[in-house]
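S.K.: Residues per chain are reported as follows:
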Amino acid sequence: RKEVEQDPGPFNVPEGATVAFNCTYSNSASQSFFWYRQDCRKEPKLLMSVYSSGNEDGRFTAQLNRASQYISLLIRDSKLSDSATYLCVVVNNDYKLSFGAGTTVTVRA
Amino acid sequence: DGGITQSPKYLFRKEGQNVTLSCEQNLNHDAMYWYRQDPGQGLRLIYYSQIVNDFQKGDIAEGYSVSREKKESFPLTVTSAQKNPTAFYLCASSIERSATQYFGPGTRLTVL
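Chain order of the listed sequences is A and B. Quick note on our numbering: the first sequence kicks off at 1 and runs consecutively. Quick note on our numbering: the second sequence kicks off at 1001 and runs consecutively.
Calculated directly from the structure, the hints in this document are not laboratory data. Cβ coordinates follow ideal geometry from the N, Cα and C atoms, glycine included. There's no promise every hint is true.
From the structure, some residues in chain A lie toward chain B, with a derived Cβ separation under 10 Å [stated by the list, open to error]:
(1) 8
(2) 12
(3) 13
(4) 34
(5) 99
So that you can see chain B by itself, here it is in the shape it has in the complex (with noise of 0.2 Å):
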């Protein structure tokens, strides 16, 4: 089947560590997406990456990172400099920038 998986579902990460999250899609696309969504927000741009090895700043890039190795892949690294990490993080990909975007299941990530 066809799609955009995540992992792990929930995190639990400790304050001052570095946590990595997953994002894997088979659906060929070439874009893909990480946001973030707070209670009562909508969702906000982390970063983009439109091909491999290339990617860019969202509106709330600082204290991530991430990168682009594979067509596939794209692993987001929530680090300690983020000073709200908790949040619910979605990735989604799409053929190209300007199609419809399709949401993995999304990580909860709790800082405690």
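Here chain A stands alone, though its shape is the one from the complex (with noise of 0.2 Å):
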């Protein structure tokens, strides 16, 4: 199983629709959380950690499931420029950080 697994899409969606997706983790004892924005060819860039009580910034709401073991993003608003592959990041308890091939999330207008 792998550590960090997440639904590949893609979401396609209308601009200003609702978007969620999840990302499940394998080990119990992850410490940190975080999702990453990646656009076509470019680098990984934070978009937001995620806490244990949940937090959002803007359009954007992260949540953490420690029981089931995932955490998710949630877009409001969706606007074009969303449209990128989301990584989901997951630190375990030695600072070693696991990737998610990502989510790709694709707004229309």
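Make one complex out of these two single chains by using the hints.
M.R.: So this is what it looks like as structure tokens:
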């Protein structure tokens, strides 16, 4: 079983829609969680950290469910510029990062 | 401007040749990392370094070598021993190993 798994998508949504997707992880001792955004043929960029209590950053909401070992990302009021691949990153207790393969979101006009 | 730079952006290599990828940062970060990204897969750690003159193997170090002679620089050499070197190579740095990592723009290596 992979350490971090994501639905590759693509999730094709119209502008203004809400889209949400999950990322599951296998190591119950994982300490920290992040969402990175990666545009085509570019480097990943930090989108947001994921806190135990859940957190929002504008139109983006991240949640952590430790019992079921998954994190989620919800994007409200989707913009064309939200089209990207979203990488889930899980940090283990030895500070090793494990990356998901990414979920591709395409927002259409 | 502070940041991480990688060069070249695109690199072509003939089979059997060694090639070195550059990574420089002026963020004063102690930790630096090299990852490889292949289509449909998550990033995989090749090597990392927490301080100057020290580095550790990651999950897929075979066929690669690194050096960390200066805090700012962490070059990666892809040797002829690496069986499938064609990939997107990403360098990252963080203040310390436990901190958030920031990535350079990447080098796309193609073996002809």
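S.K.: Any hints this thing doesn't respect? Which numbers, in order?
M.R.: 2, 3
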